[in-house]
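> Protein chains in written order, with numbering that gives the first Met the number 0: chain A, 0 to 315; chain B, 0 to 101.
Bear in mind the hints are in silico, worked out from the structure with no lab data behind them.
All of these numbers come straight from a predicted model, not from anything done at the bench.
Where is the CB? At the ideal position from N, CA and C, for every residue including glycine.
Wrong hints could be hidden among the right ones.
Claimed, not checked - Some chain B residues close to chain A (C-beta under 10 Å, calculated; not the full set):
no., residue
1, G8
2, C25
3, A26
4, V47
5, A48
6, R52
7, S54
8, R63
9, L85
10, A98
Given next are the chains, with one letter for each unit.
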Amino acid sequence: MEFKDYYQTLGVAHDATAEDIKKAFRKLARKYHPDVSKEPDAEARMQAVNEAYAVLSDPEKRAAYDQLGQGYQSGQDFRPPPDWDAGFEFSKHGFSNAEAADFSDFFAQLFGHGGGGRRTGFHAGGLHAAGEDHYAKILLDLDDAFHGATRQISLRVPKLDANGRMALETRTLNVQIPKGVREGQMIRLAGQGTPAQGEGQPGDLLLEVHFKPHPRYRVAGRDVHLTLPVAPWEAALGAVVMVELPDGALKVRIPEGAQNGRQLRVRGKGIPATPPGDLLLHIEVVLPPAVTPKAREVYETMARELAFDPRAETRV
Amino acid sequence: MRENDILSGSLLEETWLTLEQVAAACAVEPEWLAHHLEWELFPHVASVAGTWRFSSAHLTRARRMWQLERDFEAVPELAALMADLLEEVDELRAQLRQAGLD
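Please build the complete structure, drawing on both the sequences and the hints.
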């Protein structure tokens, strides 16, 4: 197990005051805020920052960490001595068990007690509390929303060992993805969250659905957007074209006089939710290149005979 | 449960979350959520027959607001304002994606 230098993570000195630590945490929490950060690994960095802050902002945990970490460098192999935490009582502080499940093994090994400290922990008997709901994001292909699928996911969950100490364990689950699931929706798996204390009910597992970017389709809620390239004559004269969708090809009528950028809505052909979403086709008129004598001749004929001025409305 | 068992879940929105469930999911006290409802910081949460009905979007809002209040000691109204802005950013990003500009 690697030693984590929490002072280095927050960029503060070992003798930093509580105020310095809070200030450094807030600066980094702003920098790596998952909703706004442009950093590629913002989420992982935010977890590391949260973990460091969970320890250094708590006087009890900080004191224990300082005592234990003397002489260790970041990344160095580390094994805590048995009963290293005798004399320390850790209280639950700020972060939920579900959030702490995303922290490192190093954190779990040192501070992974059952919420109220080992002496009042799980195996003492008589203490029953419901487990917490656990969150995870699940990244799916758009095809999964059309057909449903079974996906395997791995989760790190807190679990008690024989000594009543909480450790993180990797759990693999096979999850049935229901047909019709859409971006941002949550799938709830009852009883698959954080285990309960004593005889309490376990928490649920909530999976937040996101789709992998697709080269052709874009998803907005239940609706599926697709750019539909059409030839100028298809747009001008109208046409019936085939559109490929994840659940098969669809015939779509392009209305006569369809302009570039126009949006066609095909009701009920988006994600097959209840009610189903729509398919929105963004018309993109593609010009054939004038690279052959024949093509040039056709364009020249149009120029001569159509008397078309696309900038008529801009003239004063 | 065997390792190869396949779990079937329920989709939220077909099943709404109650106030207590959202509070548990965010690891906050139900009172925290009740006060925020009372202060009208969850504008689109509906109460049907005396029971608050939360969707997955409300759950995301609750988690965002709670984290902003905890991490930055933001006052609830400021956290709600941030949540409003983040929801607007989500909406604009979705529009960019729809237009193929993302």
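> Each hint should be assessed against the structure and marked as holding or not.
Taking the hints in turn, this is what the structure says about them:
Among the interface hints, the one on G8 (chain B) holds; its C-beta lies about 4 Å from the nearest C-beta in chain A, closer than the 10 Å criterion. Because the smallest distance between the Cβ of C25 (chain B) and any Cβ of chain A comes to about 8 Å, under 10 Å, the interface hint for this residue holds. For A26 (chain B), the suggested interface contact is upheld, since its CB lies about 3 Å from the closest CB of chain A, less than 10 Å. Taking 10 Å as the C-beta cut-off, the interface hint given for V47 (chain B) is violated, the closest approach to chain A being about 19 Å.
At a threshold of 10 Å, the smallest CB-CB gap from A48 (chain B) to chain A is about 22 Å, leaving the interface hint violated. With a least beta-carbon distance of about 14 Å to chain A, the hint placing R52 (chain B) at the interface is violated under the 10 Å criterion. Of the supplied interface hints, the one on S54 (chain B) holds, with its beta-carbon coming within about 9 Å of a beta-carbon of chain A, less than 10 Å. The beta carbon of R63 (chain B) is positioned within 10 Å of a beta carbon in chain A (closest approach about 7 Å), and the interface hint is therefore held.
At a threshold of 10 Å, the smallest CB-CB gap from L85 (chain B) to chain A is about 5 Å, leaving the interface hint in force. Residue-level restraint check for A98 (chain B) holds (minimum Cβ-Cβ distance to chain A is 8 Å; threshold 10 Å).
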